[in-house]
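Dock chain W against chain Y, hints included.
Chains as they are written, first to last, in the working numbering: chain Y, 86 to 453; chain W, 86 to 453.
Hints listed in this document are in silico derivations from the structure and should not be mistaken for laboratory results. Check each hint, because a few of them may be wrong.
A pair counts as met if it fits within one copy or between any two copies, since identical chains are not told apart.
Claimed, not checked - Simulated crosslink set (BS3-like; lysine-lysine; CA at most 30 Å straight-line):
#1 K113 x K202
#2 K90 x K102
#3 K231 x K109
#4 K182 x K358
#5 K105 x K358
#6 K102 x K241
Protein chains: 2
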Amino acid sequence: MEISKLGEFGLIDRLTKNIKLTNKTTIKGVGDDSAILHYPDTEVLVTSDMLMEGIHFDLTYMDMYHLGYKAAMVNMSDIFAMNGTPRQLIVNIALSKRFTVEDLEEFYRGLQQACDKWNVDIVGGDTSASYTGLAISITCIGDARKEEIVCRNGAKETDLICVSGDLGAAYLGLQLLEREKTVYYQQVEDIQKRLRKAQADGNAQHIAALNDELSRMKDFQPDFAGKEYLLDRQLKPEARGDIIAQLRDANIHPTSMMDISDGLSSELLHICKQSGCGCRIYEKNIPIDYQAAVMAEEFNMNVITCALNGGEDYELLFTVPIGDHEKIEGMENIKQIGYITKEDLGAMLITRDGQEFALQAQGWNPLK
Amino acid sequence: MEISKLGEFGLIDRLTKNIKLTNKTTIKGVGDDSAILHYPDTEVLVTSDMLMEGIHFDLTYMDMYHLGYKAAMVNMSDIFAMNGTPRQLIVNIALSKRFTVEDLEEFYRGLQQACDKWNVDIVGGDTSASYTGLAISITCIGDARKEEIVCRNGAKETDLICVSGDLGAAYLGLQLLEREKTVYYQQVEDIQKRLRKAQADGNAQHIAALNDELSRMKDFQPDFAGKEYLLDRQLKPEARGDIIAQLRDANIHPTSMMDISDGLSSELLHICKQSGCGCRIYEKNIPIDYQAAVMAEEFNMNVITCALNGGEDYELLFTVPIGDHEKIEGMENIKQIGYITKEDLGAMLITRDGQEFALQAQGWNPLK
Numbered sequence: 086m087e088i089s090k091l092g093e094f095g096l097i098d099r100l101t102k103n104i105k106l107t108n109k110t111t112i113k114g115v116g117d118d119s120a121i122l123h124y125p126d127t128e129v130l131v132t133s134d135m136l137m138e139g140i141h142f143d144l145t146y147m148d149m150y151h152l153g154y155k156a157a158m159v160n161m162s163d164i165f166a167m168n169g170t171p172r173q174l175i176v177n178i179a180l181s182k183r184f185t186v187e188d189l190e191e192f193y194r195g196l197q198q199a200c201d202k203w204n205v206d207i208v209g210g211d212t213s214a215s216y217t218g219l220a221i222s223i224t225c226i227g228d229a230r231k232e233e234i235v236c237r238n239g240a241k242e243t244d245l246i247c248v249s250g251d252l253g254a255a256y257l258g259l260q261l262l263e264r265e266k267t268v269y270y271q272q273v274e275d276i277q278k279r280l281r282k283a284q285a286d287g288n289a290q291h292i293a294a295l296n297d298e299l300s301r302m303k304d305f306q307p308d309f310a311g312k313e314y315l316l317d318r319q320l321k322p323e324a325r326g327d328i329i330a331q332l333r334d335a336n337i338h339p340t341s342m343m344d345i346s347d348g349l350s351s352e353l354l355h356i357c358k359q360s361g362c363g364c365r366i367y368e369k370n371i372p373i374d375y376q377a378a379v380m381a382e383e384f385n386m387n388v389i390t391c392a393l394n395g396g397e398d399y400e401l402l403f404t405v406p407i408g409d410h411e412k413i414e415g416m417e418n419i420k421q422i423g424y425i426t427k428e429d430l431g432a433m434l435i436t437r438d439g440q441e442f443a444l445q446a447q448g449w450n451p452l453k
Numbered sequence: 086m087e088i089s090k091l092g093e094f095g096l097i098d099r100l101t102k103n104i105k106l107t108n109k110t111t112i113k114g115v116g117d118d119s120a121i122l123h124y125p126d127t128e129v130l131v132t133s134d135m136l137m138e139g140i141h142f143d144l145t146y147m148d149m150y151h152l153g154y155k156a157a158m159v160n161m162s163d164i165f166a167m168n169g170t171p172r173q174l175i176v177n178i179a180l181s182k183r184f185t186v187e188d189l190e191e192f193y194r195g196l197q198q199a200c201d202k203w204n205v206d207i208v209g210g211d212t213s214a215s216y217t218g219l220a221i222s223i224t225c226i227g228d229a230r231k232e233e234i235v236c237r238n239g240a241k242e243t244d245l246i247c248v249s250g251d252l253g254a255a256y257l258g259l260q261l262l263e264r265e266k267t268v269y270y271q272q273v274e275d276i277q278k279r280l281r282k283a284q285a286d287g288n289a290q291h292i293a294a295l296n297d298e299l300s301r302m303k304d305f306q307p308d309f310a311g312k313e314y315l316l317d318r319q320l321k322p323e324a325r326g327d328i329i330a331q332l333r334d335a336n337i338h339p340t341s342m343m344d345i346s347d348g349l350s351s352e353l354l355h356i357c358k359q360s361g362c363g364c365r366i367y368e369k370n371i372p373i374d375y376q377a378a379v380m381a382e383e384f385n386m387n388v389i390t391c392a393l394n395g396g397e398d399y400e401l402l403f404t405v406p407i408g409d410h411e412k413i414e415g416m417e418n419i420k421q422i423g424y425i426t427k428e429d430l431g432a433m434l435i436t437r438d439g440q441e442f443a444l445q446a447q448g449w450n451p452l453k
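The shape of chain Y in the complex, shown without the other chains:
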């Protein structure tokens, strides 16, 4: 159904009719000039991110459901990265005429599923038109008790540097999707070329066969067997609220924390800069998934470079006092990768063969 058929308010009604508010901090959601929230006992955390078609996502391989899911998750990730709990989401979306009501419903289904996972309420937003691509802006509101909040500036010398999950897989998933997209377009182009030749030759049988071949390309399904994890990491990232809960249960309070969206190097440099310290991390300790290692090999890439500079992992990077070493040691999904040093020692990576390299923020730069 065309969106113009419903109009702005009809569309908003349709998209928001199933929204239930479950948080006690949500007083009023969609439908007035603003949402009304209630945070008498905690600090309010607010983060907002923009996702632009062609820059942050490619609808050739990202469907609207996954786009909604990811857009919500990456914003919740920022709230978890403050050691907070996400509570509300505001969704702005601008789309061109090529999108249908059903596309938007799929997007909202993805949003809702991500929200349900962490008990977050959709409380508002703006649905608008765009001349060209799809633009999304999500604002996530959460809270934390004042003493619980973890910023980027609290890392201290001798603190242990930890990361959750594994790194580099989302980037390799993207490379894989890009490769298959290229393969697809090359095949289509090749058939079209042969078709033009057959047409020039007037070979009716060839023409029919090639037209058949071309129409079968619509069902093109790349073989991703054995690489599912990489795709999941790229298309359906998860905010690590489980790690936050795990740390809380173990009574561990990180001294600094952030989520890894632009690559480990870039994020570690942020923590070092804001905390006024240096760091040493060890290549051998950087957690890498088996599928990522295999894929990097296939692409003839260094998997550690993918982990350092790849981005979009949405894992947590944090520091804890050295006294927590043993507690952390026994925890699943958390890896100690190095430690905090004096500022003048720089931010260093120690390779497997003992060489030292200064970390550089080559992270994904959307403005380049």
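Positioned in the frame of chain Y, the structure of chain W alone reads:
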């Protein structure tokens, strides 16, 4: 300067280095995974809006400074419309390569000036790339004591319907700008046509004269004398925090309120729908500025239609108990335009000659 020269973080540093935090509800602004706010005694209000190039603004006649100012003001307007006070702003912007660092600085100067006017802190945001146009998403956070908040659903039968300022001028300002833009392009096209003819004729003198004429078109300045107010209303709208203060000082508590962004008709229908009531408003009472009336005449438009359906006025529409009639009567910048009725009487406009028309939401629909 090209934005890619600074990179994302260099750019953010440059844009945010002069930001001062002045609100006691702001604990931490730009620079971490989220902003940290503190609202122990009041309800938190959050609103967010998207502005897309070519849909919501046209950079042919809107400069970056005014765009920043307007983007901030229209969001603050939503907080005032809840009878709240805006406190923080989060700014997401995505731009293509044609924009420079200086463009962005102008945008931020506009934002900052609007924020300074209402003592609002810029506490975060996302600066990113766009393939084509400029996309802006602003989130405004404010607060109000619970008992102060005014929603759209509280209008009661016999309540007086009031509006601040005057209506329709922003729409007429837009028409004026659009007309001058058309005139400009027609003149350029006309010169180019004559130039092509002169070139075909090989008339060197003509060619030189026409090239001169063409280059002078860069300094084209339409004559807006006597129409400044219309342009101001379109390019530099003001959020009516002054009206909120005025009502508070007079101890008037509106029963319902919203800001007029999509035209009076559309907004009145929202209030009627959400409050379960009808209304009668009087054409003769709708506040119209003199310049708007003259401009409408010139365009052969009905100025009341502009007021009802034009949009972008950012005035306040509100209802008050009939007992406040005398208090309101004496207040500057507020006009009583009608009253609330039973739902089954519909939402009616009474014209100067006593005819009744049902109000229709023909308001500006960005999705059509």
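Handout entry: Violated constraints from the hint list, given by number and in increasing order
Key = none
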